[in-house]
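Protein chains in written order, with the working numbering: chain A, 1 to 294; chain B, 1 to 175.
One should not assume that every hint holds.
[Stated by the list, open to error] Between beta-carbon pairs, the in silico distance windows are:
#	chain 1	residue 1	chain 2	residue 2	range
1	A	Arg88	B	Met1	36 to 44 Å
2	B	Met1	A	Val154	40 to 48 Å
3	B	Gly53	A	Ser67	49 to 57 Å
[Claimed, not checked] Taking lysine-lysine pairs in the DSBU-like style, the calculated list, with each CA pair at most 30 Å apart, reads:
#	chain 1	residue 1	chain 2	residue 2
4	B	Lys2	A	Lys189
5	B	Lys2	B	Lys54
6	B	Lys2	A	Lys29
7	A	Lys29	B	Lys143
8	A	Lys237	B	Lys2
9	B	Lys2	B	Lys20
10	A	Lys42	B	Lys143
11	B	Lys143	A	Lys189
12	B	Lys2	A	Lys42
FYI, nobody ran anything at the bench for these hints, they're computed from the structure.
For each residue, glycine too, the CB sits at the ideal point set by N, CA and C.
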Amino acid sequence: MFPNSFEYMAPTTLAEAVELMQRHEYDAKVLSGGQSLLPMMKLRMAAPPILIDINSIDELRGWKEESGFLRIGALTRHSELENAVELRDRYPLLAETAVWIADPLVRNRGTIGGSLAHADPASDWGAAMLALHARVEGIGSGGERQIPMDDFFVDTFTTALEETEIATAVLVPKPAGRTAGRYLKIERKAGDFAIAGLAIHVVLASDGTVAEAGFGICACGPVPLRGKRAEEYLLGKKLTPETIDDVSRMVPEDADPEDDLRGSAAYKRDVLRVFAERGLSDIAKELQGEGVVG
Amino acid sequence: MKIQLRINGRTKESDVEPRKLLAYYLREDLGLTGTHIGCDTTNCGACTVLLDGKAVKSCTVLAVQADGCDVMTVEGLEGEDGLHPLQTAFWEEHGLQCGYCTPGVLMSGYALLQSNPQPSEAEIRSGISGNVCRCTGYVNIVKAIRSASAKLAGAADDTPSESAKEVAASGKKSD
Ligand SMILES: Cc1cc2nc3c(=O)[nH]c(=O)nc-3n(C[C@H](O)[C@H](O)[C@H](O)COP(=O)(O)OP(=O)(O)OC[C@H]3O[C@@H](n4cnc5c(N)ncnc54)[C@H](O)[C@@H]3O)c2cc1C
Ligand code: FES
Ligand code: FES
Chain A
1 MFPNSFEYMA PTTLAEAVEL MQRHEYDAKV LSGGQSLLPM MKLRMAAPPI
51 LIDINSIDEL RGWKEESGFL RIGALTRHSE LENAVELRDR YPLLAETAVW
101 IADPLVRNRG TIGGSLAHAD PASDWGAAML ALHARVEGIG SGGERQIPMD
151 DFFVDTFTTA LEETEIATAV LVPKPAGRTA GRYLKIERKA GDFAIAGLAI
201 HVVLASDGTV AEAGFGICAC GPVPLRGKRA EEYLLGKKLT PETIDDVSRM
251 VPEDADPEDD LRGSAAYKRD VLRVFAERGL SDIAKELQGE GVVG
Chain B
1 MKIQLRINGR TKESDVEPRK LLAYYLREDL GLTGTHIGCD TTNCGACTVL
51 LDGKAVKSCT VLAVQADGCD VMTVEGLEGE DGLHPLQTAF WEEHGLQCGY
101 CTPGVLMSGY ALLQSNPQPS EAEIRSGISG NVCRCTGYVN IVKAIRSASA
151 KLAGAADDTP SESAKEVAAS GKKSD
């Protein structure tokens, strides 16, 4: 199977890529990991006349902590975050999530920037970045800007990025205390998109109360969604069997699933409830020690 | 577009259309038909090759993207003294039936053993989870990779590295 013909350009600097995007506007598409774009082009569901391959732009690779954020380059592959031992302690949700995306072969190519820009409702990074209250950094004709995750997903396969804008990085706020993260996902077969997925991020203050809470839901709505009710409720409280029980009933309230081949809406909501309960109980054990819960 | 890449250790130069996928370039332009095309929709892993050491689906990488890269296909496994121990293990353990998925499974298995020479059964299963086999039920594939891992470890023990020899010669123990 072949895509339609296209012109291929592989700039080596971000400035060059931005210039090419401006010049070619609607004709151009960014090629990152290619794990969503190339299959769509082969099926002729997409046929961009020009591909701007960003894989040779070193500025878009890797991560570093700076001014209150962990800055993850858009070109960072799923597998790199899966294996980033140095991030396990402070950003545990990254590896927790990465290992659930597709299969090892897709993870070796697919990128975090591409996954967010693609805006699949079942994007696992979408759920995780919502839970982490991250921001996407983009660059275009108007220069550089940061888009909070809450404003990033506009609709299925549609983001707040302009047609000519390139996502350059994801900014994850530095946690202000002891952190835990869990990613829970149910899929029909190994490596598939989620039936339902839930990202949980918790930071405890020194007195044991919840200082930060984040819930991200995928495959249960037109875009990945944030579990705001659960977040607000949990702030300032301790993780106890009672609060966990309350929260697990709030998470599905922020979901908007539909009946489809993967399952009924009622089933998906129930999965989210069980995931919230399971994930938080696990986090409570990790951060507060055995015996506090249950 | 002109591209230059290393394939199984040899440098190749070609002129390819940008829309040509790496799997088709390998098979049609270079005659390396060991790399199979199963689904052609990024789902089966039959087309798995190593791109700069990482296992990827070559039906979902453009040939022009491999410009300047190192590509290893199943043809690159065999050495001067015959089949690679991983290939022998698949033979001995009946890790294949029709063989269609086998080149891809071998490349994923090879990549796994490169990064994790002693994988557990669970690690093997997750390591090959991007490769679909419709015949074997995976049991013998897992056995074959375990057996290869043991063979390779055994081979490493039999032929101590230069530094190990030096340590032995100087009478020191390295634990
Ligand atoms: C078999 C299979 C299973 C999968 N399973 C899952 C799964 O379980 N969970 C999951 O989350 N994903 C899954 N995916 C999708 C995978 O994670 C993709 O890697 C991801 O969706 C897209 O990232 P990419 O880097 O490959 O982007 P590409 O395919 O290169 O691009 C995707 C889109 O984003 C645009 N784009 C890319 N990068 C940028 C940028 N920097 N700036 C602006 N626009 C950009 C492109 O123009 C294109 O429109 C699966 C894919 C396959 C093939
Ligand atoms: S042929 Fe490439 S994944 Fe199936
Ligand atoms: S041996 Fe037939 S598909 Fe694997």
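Now the hints, each set against the structure:
1. Separated by about 41 Å at the C-beta atoms, A/Arg88 and B/Met1 satisfy the suggested range of 36 to 44 Å.
2. A C-beta distance of roughly 35 Å is found between B/Met1 and A/Val154, which places it outside the suggested range of 40 to 48 Å.
3. Taken as a hint, the range 49 to 57 Å is violated for the pair B/Gly53 and A/Ser67, whose Cβ atoms sit roughly 34 Å apart.
4. Between B/Lys2 and A/Lys189 the CA atoms are separated by roughly 40 Å; this puts the pair beyond 30 Å, and the hint is violated.
5. Between B/Lys2 and B/Lys54, the direct Cα distance comes to roughly 23 Å. Compliance with the 30 Å bound is thereby established for this hinted pair.
6. A C-alpha spacing of about 22 Å is found between B/Lys2 and A/Lys29, which places the hinted pair at or below 30 Å, so the restraint holds.
7. Restraint check for A/Lys29 and B/Lys143: the C-alpha separation of about 44 Å exceeds 30 Å, so the hint is violated.
8. Taking the CA atoms of A/Lys237 and B/Lys2, the gap is about 62 Å. The hint is violated against a cut of 30 Å.
9. Straight-line distance between C-alpha atoms of B/Lys2 and B/Lys20 comes to about 12 Å, which keeps the hinted pair within the 30 Å bound.
10. With a C-alpha separation of about 36 Å, the suggested pairing of A/Lys42 with B/Lys143 is violated against the 30 Å cut-off.
11. Restraint check for B/Lys143 and A/Lys189: the C-alpha separation of about 22 Å stays at or below 30 Å, so the hint holds.
12. About 22 Å separates the Cα atoms of B/Lys2 and A/Lys42, which keeps this hinted pair within 30 Å; it holds.
Of the numbered hints listed earlier, those contradicted by the structure are 2, 3, 4, 7, 8, 10.
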